[in-house]
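There are 2 protein chains.
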Amino acid sequence: MIFIQLSERQEKIIDIVKENEPITGEAIAQRLKLTRSTLRPDLAILTMSGILDARPKVGYFYTGKTAFSFVSESIRKIKVSEVKSVPIVVDEESSIYDSIVTLFLEDVSSIFVTSNGFLTGVVSRKDFLKNAIGGLDLNKTPIGVIMTRMPNIVVTKPEETILDAAMKIIDHEVDSIPVVEEVEIKDGKSEYRIIGKISKTTITRLFVELGKND
Amino acid sequence: MIFIQLSERQEKIIDIVKENEPITGEAIAQRLKLTRSTLRPDLAILTMSGILDARPKVGYFYTGKTAFSFVSESIRKIKVSEVKSVPIVVDEESSIYDSIVTLFLEDVSSIFVTSNGFLTGVVSRKDFLKNAIGGLDLNKTPIGVIMTRMPNIVVTKPEETILDAAMKIIDHEVDSIPVVEEVEIKDGKSEYRIIGKISKTTITRLFVELGKND
Numbered sequence: 001m002i003f004i005q006l007s008e009r010q011e012k013i014i015d016i017v018k019e020n021e022p023i024t025g026e027a028i029a030q031r032l033k034l035t036r037s038t039l040r041p042d043l044a045i046l047t048m049s050g051i052l053d054a055r056p057k058v059g060y061f062y063t064g065k066t067a068f069s070f071v072s073e074s075i076r077k078i079k080v081s082e083v084k085s086v087p088i089v090v091d092e093e094s095s096i097y098d099s100i101v102t103l104f105l106e107d108v109s110s111i112f113v114t115s116n117g118f119l120t121g122v123v124s125r126k127d128f129l130k131n132a133i134g135g136l137d138l139n140k141t142p143i144g145v146i147m148t149r150m151p152n153i154v155v156t157k158p159e160e161t162i163l164d165a166a167m168k169i170i171d172h173e174v175d176s177i178p179v180v181e182e183v184e185i186k187d188g189k190s191e192y193r194i195i196g197k198i199s200k201t202t203i204t205r206l207f208v209e210l211g212k213n214d
Numbered sequence: 001m002i003f004i005q006l007s008e009r010q011e012k013i014i015d016i017v018k019e020n021e022p023i024t025g026e027a028i029a030q031r032l033k034l035t036r037s038t039l040r041p042d043l044a045i046l047t048m049s050g051i052l053d054a055r056p057k058v059g060y061f062y063t064g065k066t067a068f069s070f071v072s073e074s075i076r077k078i079k080v081s082e083v084k085s086v087p088i089v090v091d092e093e094s095s096i097y098d099s100i101v102t103l104f105l106e107d108v109s110s111i112f113v114t115s116n117g118f119l120t121g122v123v124s125r126k127d128f129l130k131n132a133i134g135g136l137d138l139n140k141t142p143i144g145v146i147m148t149r150m151p152n153i154v155v156t157k158p159e160e161t162i163l164d165a166a167m168k169i170i171d172h173e174v175d176s177i178p179v180v181e182e183v184e185i186k187d188g189k190s191e192y193r194i195i196g197k198i199s200k201t202t203i204t205r206l207f208v209e210l211g212k213n214d
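Keeping their order, the protein sequence lines are chains A and B.
Under my numbering, the first residue of the first sequence is numbered 1, with each subsequent residue one higher.
Under my numbering, the first residue of the second sequence is numbered 1, with each subsequent residue one higher.
In short, the hints are calculated from the structure, not lab data.
Source: prediction; values computed, not measured.
Hints are not guaranteed to be accurate.
[What the hints assert, rightly or not] Label pairs and their calculated CB-CB ranges: (1) B:Lys-186 - A:Ser-81: 30 to 40 Å; (2) B:Lys-12 - A:Arg-193: 26 to 36 Å; (3) A:Glu-92 - B:Asn-139: 25 to 35 Å; (4) A:Glu-19 - B:Glu-182: 39 to 49 Å; (5) B:Ser-37 - A:Arg-193: 31 to 41 Å; (6) B:Ser-7 - A:Pro-56: 15 to 25 Å; (7) B:Lys-12 - A:Thr-38: 45 to 55 Å; (8) B:Val-183 - A:Glu-82: 26 to 36 Å; (9) A:Ser-37 - B:Lys-12: 18 to 28 Å; (10) B:Val-183 - A:Arg-36: 54 to 64 Å; (11) B:Ala-27 - A:Lys-77: 41 to 51 Å; (12) A:Lys-79 - B:Lys-57: 51 to 61 Å; (13) B:Val-89 - A:Ala-54: 32 to 42 Å; (14) B:Glu-182 - A:Ala-54: 16 to 26 Å.
[Stated by the list, open to error] Here are some, though not all, of the chain A residues that point toward chain B, as calculated from beta-carbon distances under 10 Å: (15) Lys-130; (16) Leu-163; (17) Val-183; (18) Lys-200.
Note that CB positions come from ideal geometry on N, CA and C, so glycine has one too.
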């Protein structure tokens with residue numbers, strides 16, 4: 001896929017088609033006082049890009065397609081597996097206090113909780129703050145008591161697009177979601193193993209990368 | 001600006017140029033068993049997009065420009081003023097406890113602090129959590145005591161691009177930055193009035209909007 005900065009003449013052609021559709025290539029050339037063959041590459045570009053549509057024996061139409069279509073296509077192609085970051089995980093038996101220390105040491109906004117290596121919960125900075133001012137004994141209370149518990153956890157998978165993951169973060173109003181792979185344990189039951197994390201920081205960093213790209 | 005999905009023939013042309021640069025249009029046509037004039041629109045598209053470069057009497061070169069250039073251009077065009085969200089502000093004399101309540105009521109990750117209506121500080125969820133477990137009397141201590149104070153605050157302005165703002169957020173490892181306008185007070189001194197906020201949530205939401213755009 002490529003991107004093209006339209007020339008002034010191409011912009012003029014679009015305007016002419018917008019106002020006069022359907023209009024033949026010959027008629028466009030007349031208005032611009034140019035030959036039909038001079039316009040051929042311009043019309044090829046405008047139809048290939050989908051901005052104009054050409055129907056045989058009728059002429060050119062304006063489709064209304066805009067430049068932003070491309071951004072969307074690029075974002076949709078990036079997979080969660082390509083941009084996921086390292087998840088910070090504690091066991092369900094860890095104290096709230098120790099988990100907060102881990103949160104600060106790792107400088108993350110959420111911590112994922114496991115039992116026997118499988119995802120059982122998520123705790124955000126907001127959850128910690130709520131409980132820190134709530135009078136709980138942070139040293140004695142295990143994190144399992146305050147965490148958001150499965151199956152109420154939004155997750156993403158490596159093969160999903162980063163757009164899907166970002167939509168989950170926005171729709172569910174969370175700061176980050178775990179990237180998981182499903183592991184069958186027995187009797188057809190399955191659990192999630194945590195293999196990464198997608199956060200608002202991941203998305204913001206990706207946004208900067210895409211924006212800086214030359 | 002427009003976006004074009006390259007045809008198979010155009011992809012082939014790029015490959016031929018990559019391997020044989022510089023190569024004339026005539027030579028490319030021969031390899032594809034096509035006439036020079038059949039290739040003219042393809043070569044026009046590939047040079048206009050900047051993927052190929054044409055030098056008279058020498059031939060075509062491959063420039064190495066990629067599809068992502070366009071995403072970057074789009075992101076660079078969006079101004080902070082177009083996407084900023086509502087800032088949550090408390091006065092420097094407010095207690096830490098009241099500020100935490102505001103943080104929860106408004107569901108934001110950072111609070112901006114003012115004195116006489118001008119920006120004096122920023123407090124994040126992380127700052128609140130650190131002090132909540134630190135043994136301070138949250139009801140009696142004013143937020144001014146724990147805030148990050150001017151001039152150590154990263155700000156953005158309405159006319160800056162959203163890419164600039166996102167880079168500041170990533171580089172300074174903060175969740176959000178205030179959008180300010182500079183107000184001259186007297187003797188050439190100036191202060192910042194807070195008129196908005198750009199956060200990782202703003203960026204993630206914009207990312208989703210750009211990605212969903214059709």
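Evaluated hints:
1. B:Lys-186 - A:Ser-81: 30 to 40 Å: violated, 57 Å
2. B:Lys-12 - A:Arg-193: 26 to 36 Å: Taking Cβ atoms as reference, B:Lys-12 and A:Arg-193 lie about 43 Å apart, which means the hint is violated.
3. A:Glu-92 - B:Asn-139: 25 to 35 Å: Roughly 33 Å apart at Cβ, these two residues keep to the hinted range, so it holds.
4. A:Glu-19 - B:Glu-182: 39 to 49 Å: Holds: the Cβ-Cβ distance is about 45 Å, inside 39 to 49 Å.
5. B:Ser-37 - A:Arg-193: 31 to 41 Å: violated, 59 Å
6. B:Ser-7 - A:Pro-56: 15 to 25 Å: Distance hint for B:Ser-7, A:Pro-56 holds at roughly 19 Å.
7. B:Lys-12 - A:Thr-38: 45 to 55 Å: Given about 27 Å between the Cβ atoms, the range is violated.
8. B:Val-183 - A:Glu-82: 26 to 36 Å: Cβ of B:Val-183 to Cβ of A:Glu-82: about 44 Å, so the range 26 to 36 Å is violated.
9. A:Ser-37 - B:Lys-12: 18 to 28 Å: Between A:Ser-37 and B:Lys-12, where Cβ atoms are some 25 Å apart, the hint holds.
10. B:Val-183 - A:Arg-36: 54 to 64 Å: Once the Cβ atoms are compared, 59 Å apart, the range 54 to 64 Å for A:Arg-36 and B:Val-183 holds.
11. B:Ala-27 - A:Lys-77: 41 to 51 Å: violated, 33 Å
12. A:Lys-79 - B:Lys-57: 51 to 61 Å: Check failed, 45 Å falls outside 51 to 61 Å.
13. B:Val-89 - A:Ala-54: 32 to 42 Å: violated, 56 Å
14. B:Glu-182 - A:Ala-54: 16 to 26 Å: This hint is violated: roughly 53 Å between Cβ atoms.
15. Lys-130: Cβ of A:Lys-130 sits 7 Å from chain B, so the hint holds.
16. Leu-163: holds, 4 Å
17. Val-183: violated, 29 Å
18. Lys-200: holds, 4 Å
Checked against the numbered hints given earlier, this structure breaks hints 1, 2, 5, 7, 8, 11, 12, 13, 14 and 17; the rest are met.
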